[in-house]
Each structure stands twice: as C-alpha cells, then as structure tokens.
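K.L.:
Modelling step: build the complete structure from the supplied sequences, incorporating the hints.
Residue numbering for the sequence shown follows UniProt numbering, beginning at 1 and increasing consecutively.
These are computed hints drawn from the structure, not numbers from a lab.
Please note that the accuracy of each hint is not assured.
Said to hold, decoys possible - Here are the computed lysine to any residue pairs in the SDA-like style, where the Cα-Cα straight-line distance is at most 25 Å:
{"no.": "1", "residue 1": "K62", "residue 2": "S143"}
{"no.": "2", "residue 1": "K192", "residue 2": "T169"}
{"no.": "3", "residue 1": "K176", "residue 2": "Q122"}
{"no.": "4", "residue 1": "K62", "residue 2": "N186"}
{"no.": "5", "residue 1": "K82", "residue 2": "P111"}
{"no.": "6", "residue 1": "K82", "residue 2": "Q122"}
{"no.": "7", "residue 1": "K176", "residue 2": "I43"}
{"no.": "8", "residue 1": "K32", "residue 2": "S143"}
Quick caveat, the model's predicted, so the values are computed rather than measured.
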Amino acid sequence: MGYSINDREFHIVMEFVNGYSLSDLIFRQYVKSKLPLNDIDRINITYQMLLGITFLHEFPKKVLHRDIKPANIMITKKKIVKICDLGVSTINQLDTQLLTTHGRKSFVGTPMYMAPEVYLRQQEVTEYGDIWSLACALVEMFSNKHVWPVNVFTTLDSILKKQLIPDCTDVPVVLKREIEKCFNYNPVMRPKAKEILMVLKNSGIEVEID
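P.N.:
Quick look at the structure:
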C-alpha cells in the first residue's frame with residue numbers, strides 16, 4: 001500500500017484484512033463457527049485463488065509465490081480472497097531467499113506444501129511448484145484435513161520418494177481431475193493456473209464474488 005524511509009527506520013504500510021486465514025477457517029473450530037464455509041463458498045474461494053495465481057504467473061515479469069499454503073491465504077468477512085506473504089516470491093529470478101533449514105536441507109517455503117522436486121532435490125521453485133502447493137491448499141480446504149497425514153520430515157521424505165499423491169476424494173468432481181494432475185511428479189505435466197481456471201469457468205458453475 002505504501003512505505004516511508006528515514007535515517008533510522010523503514011516503514012511498510014499494508015492493507016488491513018478484516019477476516020481470517022484459510023488455515024484457521026479449516027482447522028480452528030472457533031474460527032469456523034465465526035465464518036462458516038459452504039460448498040459454494042469453497043468453489044468461490046478456489047476461483048479467486050486461481051485468479052490471483054494466474055495474475056502472478058501470467059504477469060509480463062512472471063512472479064512466483066513460492067510459499068502458497070492456507071496460512072498465506074486471507075479470507076475477508078465478505079469471503080474475498082487475499083493472497084499474502086510474498087516475502088519469498090521471485091520476480092524474474094531476482095530474489096532474496098528466506099530459508100527454512102532442517103538437518104542438511106534448506107528450503108524456500110513450507111515443507112508440507114512443497115513440490116517433490118523442491119523438497120527432495122532442492123531445485124528452484126517454478127510455476128509448477130506453485131501449482132503443487134496450490135493444490136495442497138485446495139485439498140485441505142475441501143477435506144478439512146491436512147494434505148498429508150504426517151508431521152515429521154522423515155515420513156514426508158518417504159511419501160514423496162514413493163511418489164504418492166494426496167487423497168482428493170473430497171474435491172468436487174468438476175475440479176478433481178485437474179487437482180490430481182497438479183500432483184504429477186513430472187513438474188511440466190502439471191496444469192497451469194490459467195488452465196485450471198478455464199476448466200472451472202467452462203464447468204457451468206456460477207461463481208459469486210461480492
């Protein structure tokens with residue numbers, strides 16, 4: 001929104017979001033009771049998330065988020081999506097990295113939402129890595145469960161090395177095939193955000209955004 005600089009301080013002015021993180025709306029019962037989401041709401045939120053990621057990825061100077069997860073998706077009380085925390089994003093490969101370190105591994109982002117090529121092989125995040133992370137967030141939203149039934153790195157290693165994919169049972173039929181394709185272990189075989197968005201637009205489902 002804005003910034004100011006003086007000799008001793010640097011200030012960033014950001015938008016106040018009157019709402020909750022998608023993570024809280026999924027996993028915190030108290031928050032869920034404050035702003036309940038129905039099936040139509042979840043489709044609308046999916047649509048808005050796809051719009052936002054498509055904008056970043058299709059920008060003339062492509063922007064990669066690199067840490068897409070429910071905690072970085074804010075939902076206002078009017079159920080408008082705000083994609084937050086682009087602190088580890090890249091613009092045309094010019095970036096400052098924020099690293100998460102575990103043992104000998106250093107990561108950009110959050111391990112549970114990382115694409116296998118990033119988590120296992122420490123490759124640079126591409127738009128296809130963002131797509132994997134986006135799909136993880138959507139699976140959690142539709143299922144109200146963690147994308148992987150694990151909370152330790154060794155188990156995550158095992159899951160990804162076996163090339164397993166998350167349970168997409170609760171994803172709506174109109175999106176299920178596309179979301180499953182987002183978990184392809186060959187990154188370039190994953191759909192782009194704009195392609196998933198087009199599937200949703202062509203589905204006949206009416207999307208309502210205030």
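K.L.:
Now look at each hint and say whether the structure bears it out.
P.N.:
Each hint tested on the structure:
Between K62 and S143 the alpha-carbon distance is near 31 Å, which puts this suggested pair outside the 25 Å criterion. In summary, the hint linking K192 to T169 is supported, as the alpha carbons are separated by about 22 Å, within the 25 Å threshold. For the hint linking K176 to Q122, the alpha-carbon distance of about 28 Å lies beyond 25 Å, and the restraint is violated. Straight-line distance between C-alpha atoms of K62 and N186 comes to about 21 Å, which keeps the hinted pair within the 25 Å bound.
The suggested pairing of K82 with P111 holds, with an alpha-carbon distance near 22 Å, which does not exceed 25 Å. For the proposed pair K82 and Q122, the alpha carbon gap of about 28 Å is over 25 Å, so the pair is violated. For a cut-off of 25 Å, the pair hint linking K176 to I43 stands: about 12 Å separates their Cα positions. Distance hint between K32 and S143 is fulfilled; the C-alpha atoms sit about 14 Å from each other, no more than 25 Å.
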